[in-house]
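Number of protein chains: 2
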Amino acid sequence: MATIGEQASIYTEQHRMTYYECDRTGRATLATLINIAILASQDQSDALGLTTEFVQSHGVGWVVTQYSMAITRMPRLNETVTLAVRGSAYNPYFAFREFWIRDAEGQELAYITSIWVTMSQTTRKIVKIDPALVTPYHSEAVKRIPRLPRPLSFETTDETLSKPYQVRFFDIDPNRHVNNAHYFDWLLDTLPADFLLAHDLQQVDVRYENEVKYGHTVTAAANILPTAEDGSVTTSHQIRVGDEKCCDVTIKWQSTTID
Amino acid sequence: MATIGEQASIYTEQHRMTYYECDRTGRATLATLINIAILASQDQSDALGLTTEFVQSHGVGWVVTQYSMAITRMPRLNETVTLAVRGSAYNPYFAFREFWIRDAEGQELAYITSIWVTMSQTTRKIVKIDPALVTPYHSEAVKRIPRLPRPLSFETTDETLSKPYQVRFFDIDPNRHVNNAHYFDWLLDTLPADFLLAHDLQQVDVRYENEVKYGHTVTAAANILPTAEDGSVTTSHQIRVGDEKCCDVTIKWQSTTID
Numbered sequence: 226m227a228t229i230g231e232q233a234s235i236y237t238e239q240h241r242m243t244y245y246e247c248d249r250t251g252r253a254t255l256a257t258l259i260n261i262a263i264l265a266s267q268d269q270s271d272a273l274g275l276t277t278e279f280v281q282s283h284g285v286g287w288v289v290t291q292y293s294m295a296i297t298r299m300p301r302l303n304e305t306v307t308l309a310v311r312g313s314a315y316n317p318y319f320a321f322r323e324f325w326i327r328d329a330e331g332q333e334l335a336y337i338t339s340i341w342v343t344m345s346q347t348t349r350k351i352v353k354i355d356p357a358l359v360t361p362y363h364s365e366a367v368k369r370i371p372r373l374p375r376p377l378s379f380e381t382t383d384e385t386l387s388k389p390y391q392v393r394f395f396d397i398d399p400n401r402h403v404n405n406a407h408y409f410d411w412l413l414d415t416l417p418a419d420f421l422l423a424h425d426l427q428q429v430d431v432r433y434e435n436e437v438k439y440g441h442t443v444t445a446a447a448n449i450l451p452t453a454e455d456g457s458v459t460t461s462h463q464i465r466v467g468d469e470k471c472c473d474v475t476i477k478w479q480s481t482t483i484d
Numbered sequence: 226m227a228t229i230g231e232q233a234s235i236y237t238e239q240h241r242m243t244y245y246e247c248d249r250t251g252r253a254t255l256a257t258l259i260n261i262a263i264l265a266s267q268d269q270s271d272a273l274g275l276t277t278e279f280v281q282s283h284g285v286g287w288v289v290t291q292y293s294m295a296i297t298r299m300p301r302l303n304e305t306v307t308l309a310v311r312g313s314a315y316n317p318y319f320a321f322r323e324f325w326i327r328d329a330e331g332q333e334l335a336y337i338t339s340i341w342v343t344m345s346q347t348t349r350k351i352v353k354i355d356p357a358l359v360t361p362y363h364s365e366a367v368k369r370i371p372r373l374p375r376p377l378s379f380e381t382t383d384e385t386l387s388k389p390y391q392v393r394f395f396d397i398d399p400n401r402h403v404n405n406a407h408y409f410d411w412l413l414d415t416l417p418a419d420f421l422l423a424h425d426l427q428q429v430d431v432r433y434e435n436e437v438k439y440g441h442t443v444t445a446a447a448n449i450l451p452t453a454e455d456g457s458v459t460t461s462h463q464i465r466v467g468d469e470k471c472c473d474v475t476i477k478w479q480s481t482t483i484d
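Sequence lines, in order, name chains A and B.
Quick note: the first sequence, position 215, residue 440 per the working numbering, numbers continuous.
Quick note: the second sequence, position 175, residue 400 per the working numbering, numbers continuous.
Mixed in with the good hints there might be a few duds.
As the list makes no split between identical chains, a pair holds if one copy fits it or if it spans any two.
[To be verified] Below, computed lysine-lysine pairings styled on DSBU-like, alpha-carbon distance capped at 30 Å: (1) Lys353 - Lys368; (2) Lys438 - Lys368; (3) Lys388 - Lys470; (4) Lys477 - Lys353.
Hints listed in this document are in silico derivations from the structure and should not be mistaken for laboratory results.
None of the values given here were measured: they were computed from a predicted structure.
Work out the full structure, taking the sequences as your base and the hints as a guide.
Structure representation (structure tokens):
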């Protein structure tokens, strides 16, 4: 990935982590990490005239299909971080966007890659990307975009942890879809509090399959896999509505460095 | 209330409303309104050396018991608002704090009054307010603090709307308590989406009784009262854990001015 997207414009902004964006340990939540990354990309899009209205006037909307997040350290309460984003590359059907979150000294806290598609507002099917929606980012037109890691195939066992979550009115954001950052609150809340307090996020791979809608009750299921030799732990997650798979997520954790 | 607290220091800061703080109509959520108000008061406290650690070193923590909010207009997506707060007055057991949220032209969007107590960390009982915790705000020592409106006494009827909500790990904030702004997501989510889309908040009166804890499943119940002659609607709400009342809320709404 070193060379792809080097010509793309990078947009940066600062963000201060508020108490309501952090968990009880004072670390930003995973939902917050995605929220602030997407905030920066929306601000870049708006600055380039690629507003939601402009995209909709082309009969489509952007939908994320995959995230891959490498987390060095979660932002902390009251820390001001720098968000950077670029629309790195695209091919006829997929766009590749990268995000960096850095501390005040420029140290990388998280690096997020993502794959996006344009979906027709009328047919709800994926359509070819209109170059008018990506060229202002100075996105590179490529034949192949990078492949992101695929989450583990989720397998339900006797030890699978599972909880139901009702999708709430306030889970819908101004784009009129369920903000999929909320998925992370559901996914992680399924894990025991003791586990969440004892581990730091290291790597998160997400693949979205079907949209969750207001009024749905989703099932968030999780498996905690055996601890690896290096002490890291992997958890495997799935969100379903009935029998329909909405997203698969694999997370790698390490023992926490925060007390 | 005109004269009380005039000597108290006012702290102000700006806040830009992000998409993840707004609902599908592009209005800030009620939870967000409280979150940003409290953010300003925490920043004032920190600036005056009245940090959470300092308060805890006196063996207590601040707990809000009542809010009364008069809302002219909810902040909107991408709007930068000015938050102002002052610790206006206190008597031996109660402190009175006021918040103002204003638009870029200085027009008032919301005015929030609140009553706070200090609770012993060991006995969990309300204790006399230590003047060291309030004098830096230039709070006025008074005999009586203003009384805030009491929410309607909640009555369950055949038409009462009700939903269960599990308290999640990420509902706990860095102060290690359930952020009670989440109560508003539960309370309002109980109302039909059609109602929420058709009405604007005008007045919200809240009284907290008992703390909600991680792992609890709360019941949020709501009554929509008959429409008044002026077209306003009042809703009455309660949050319970089992038979224990956690908070009562009364909300006055008007027909929405947003499409």
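Comparing the hints with the structure gives:
{"no.": "1", "hint": "Lys353 - Lys368", "result": "within (14 Å within a copy, 70 Å between copies)"}
{"no.": "2", "hint": "Lys438 - Lys368", "result": "neither (34 Å within a copy, 52 Å between copies)"}
{"no.": "3", "hint": "Lys388 - Lys470", "result": "both (15 Å within a copy, 25 Å between copies)"}
{"no.": "4", "hint": "Lys477 - Lys353", "result": "neither (34 Å within a copy, 48 Å between copies)"}
Comparing the model with each earlier hint shows violations of hints 2 and 4; every other hint is respected.
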